[in-house]
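One letter stands for each residue in the lines below.
2 protein chains.
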Amino acid sequence: MPNVFDRPSVEMDFEIERIAKLVEEDQARVIRLQFPEGLKRYGPHVAKRIKQHTDVAVLLSGDPCYGACDLDCDGEVDLLVHFGHAEIPALTVKKVHFVEVRSDVDVIPIVNEALGLIKGPRVGIVTNVQHVHTLDSVRRRLESAGLQCSIGSGDSRTKYPGQVLGCNFSSARAVDADEYLYIGGGAFHALGVALATGKRVVAADPFLHRTSIPDADLIVKQRYAVVAKALDAQTFCVLAGTKTGQRRLDLAFELVEHAVKRGYDAYTVTINELTPWTLYQFPAEAYVNTACPRVAIDDASLFKAPMLTPIEFEMVLGKRNLSEYILDEFSGATRR
Amino acid sequence: MPNVFDRPSVEMDFEIERIAKLVEEDQARVIRLQFPEGLKRYGPHVAKRIKQHTDVAVLLSGDPCYGACDLDCDGEVDLLVHFGHAEIPALTVKKVHFVEVRSDVDVIPIVNEALGLIKGPRVGIVTNVQHVHTLDSVRRRLESAGLQCSIGSGDSRTKYPGQVLGCNFSSARAVDADEYLYIGGGAFHALGVALATGKRVVAADPFLHRTSIPDADLIVKQRYAVVAKALDAQTFCVLAGTKTGQRRLDLAFELVEHAVKRGYDAYTVTINELTPWTLYQFPAEAYVNTACPRVAIDDASLFKAPMLTPIEFEMVLGKRNLSEYILDEFSGATRR
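From first to last, the protein sequence lines are chains A and B. Here the first sequence is numbered in our numbering, starting from 114 and rising by one per residue. Here the second sequence is numbered in our numbering, starting from 114 and rising by one per residue.
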């Protein structure tokens, strides 16, 4: 068995001393550490290091976590330390400290590669929180290649200029760009930028040193197929999330009301962790998810019946034009 | 697709009018209905009937639920209506109404069958909440057959005399009996009575009209095998539950402290819904579950590493004698 208390093989800044200082300042007796799935395995190591600095009881949150929208805070702990995501300014939750765990990977080599794919001339630069500190250097590199660059300020769901979340692309829409350069690993955020803006996105992954162009058209076609299938449904189950930053109960009620008015059967189910097997108990010909917008987009194939976003459900109800596909997002307040 | 709003095929008392009255009295605007897994499918039907009586927004709780220890209450709703379990008096939770959904099945026919298996002479009668109202008639039937019957009062974790929970058998232990008669479906509670008391239990299932004698010895042997396997472990992950009535954080801390003092590695993970895949992120050579005591007993085979109860962990640590097997339980306050 691997020693769970070992250091990670890659150097990561878990801000141990800062956390120890906060514990002392707050006179915290019990704290909880919450990591996203990709970092969870470092939990015992981080807990051990904190306890070397200060005398505090440390709990690890064992529940799944995919964003700063999902804060595992309750009365049991004096402080929650949430790793790997930036704070969502629009959410006011007390006694949470965010450790963003920025990456120190050099992004310029993959930006150099990406230059061969960028057409420009006006490029919007976006990233996730892990690389937000690199955006100025990325901008300088692009400008030195003759491109016009913008880094937009998103709404209050995001913390940093140029930062996007899986559910919020306001920083991308805030700029007038011909296309976008996304810096970061995986396809998740880059695909979201493409879906949210309708523009071409060049994704530059500094970890795998790979570039790609996400195919938003393919996803849009899949979504229309799901919407078409849901047109035959008579019974809808509308899901309302109970995670801190995924609550849209009023929207859920509004959708059910619209559906009932139009002669459909509809009911509302609150769910914390949405999985296919949770839904076996709630038969419906289609589901509408008002919680995380990405479940419908990214996990569609896991569900036996169509899983719609609220916007797609409005298409089904005839409340919204089918001609323009709009990605469901969680919006914050607009920044001045 | 079945019509999810249809009545159940068996008549059940969901106390629709009583709920509607409570809604009016409390001027509740939003309520949540929570059902255990076996009743969840009636949620849409019950919601619809409540809305026929009173103008209230009704949510169904979609999260798994296995007991009154797991109350899905948060700030979002004015009232939680919890079905299928009796209130746990030891838990003070506001704004919860319990609908016990008693069964109207006649238990006497299967008690007559069970008489052939009962040796006596002193019989303790136990059941789950669905049948507590039948215990006096069961007692009379047994006494007419010449047996001495007792129905014990449990601690404040249970509401009714003779009632047992999966995690509390205080009402069984409260009486001096040679053996027990358990009235109810399934093997879950009857097995618990046998494990908790060390006595023979005759289980009388009025739904399937079947009697059985749970084999507690087999389970005890399995538990010793799990304990023996855990004796080789060096790293322990101690699980602390976050469901309302499954919290034993102090016990979790105490166990980790004991383990560390004895030179083991140990860390604490808080978990809401415990599943095998939740644990993949938390490597350990053995787990200790301070949440639901039945997970280790009933779901042992689901986990790749030994899953111990706190009492079993004390055996592993050498803090407790191996010679007597004691079932882990959640205790309330003793009743006068």
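Honestly, the hints are just simulated from the structure, not real lab data. Certain hints may be false.
Which copy is meant is left open, so a pair is good if it fits within one copy or across any two.
[As the list claims (entries may be wrong)] Calculated lysine-lysine pairs in the BS3-like style (CA-CA distance at most 27 Å, straight line):
#1 K356 with K208
#2 K417 with K232
#3 K342 with K207
#4 K272 with K417
#5 K134 with K334
#6 K161 with K134
#7 K432 with K164
#8 K207 with K356
Here is how each hint holds up against the structure:
Taking identical chains as interchangeable, the C-alpha atoms of K356 and K208 lie at most 27 Å apart whether they share a chain (17 Å) or sit on different chains (21 Å). With identical chains, the CA atoms of K417 and K232 are never at most 27 Å apart, being 41 Å at best within one copy and 52 Å at best between copies. Taking the shortest Cα distances, K342 and K207 never come within 27 Å of each other, neither inside one copy (43 Å) nor across copies (43 Å). Taking the closest pair of Cα atoms, K272 and K417 never come within 27 Å of each other, the shortest separation being 36 Å inside a single copy and 41 Å across copies.
For a Cα distance limit of 27 Å, the shortest separation of K134 from K334 qualifies neither inside one copy, at 51 Å, nor across copies, at 49 Å. Taking the closest pair of Cα atoms, K161 and K134 come within 27 Å of each other only inside a single copy of the chain (15 Å); across copies the shortest separation is 53 Å, beyond that limit. Taking the shortest Cα distances, K432 and K164 sit within 27 Å of each other only across copies (25 Å), while inside one copy they are farther apart (56 Å). Proximity of K207 and K356 under a CA criterion of 27 Å is satisfied in both settings, with 15 Å inside one chain copy and 21 Å between copies.
Violated hints, listed in ascending order, are 2, 3, 4, 5; each of the other numbered hints is respected by the structure.
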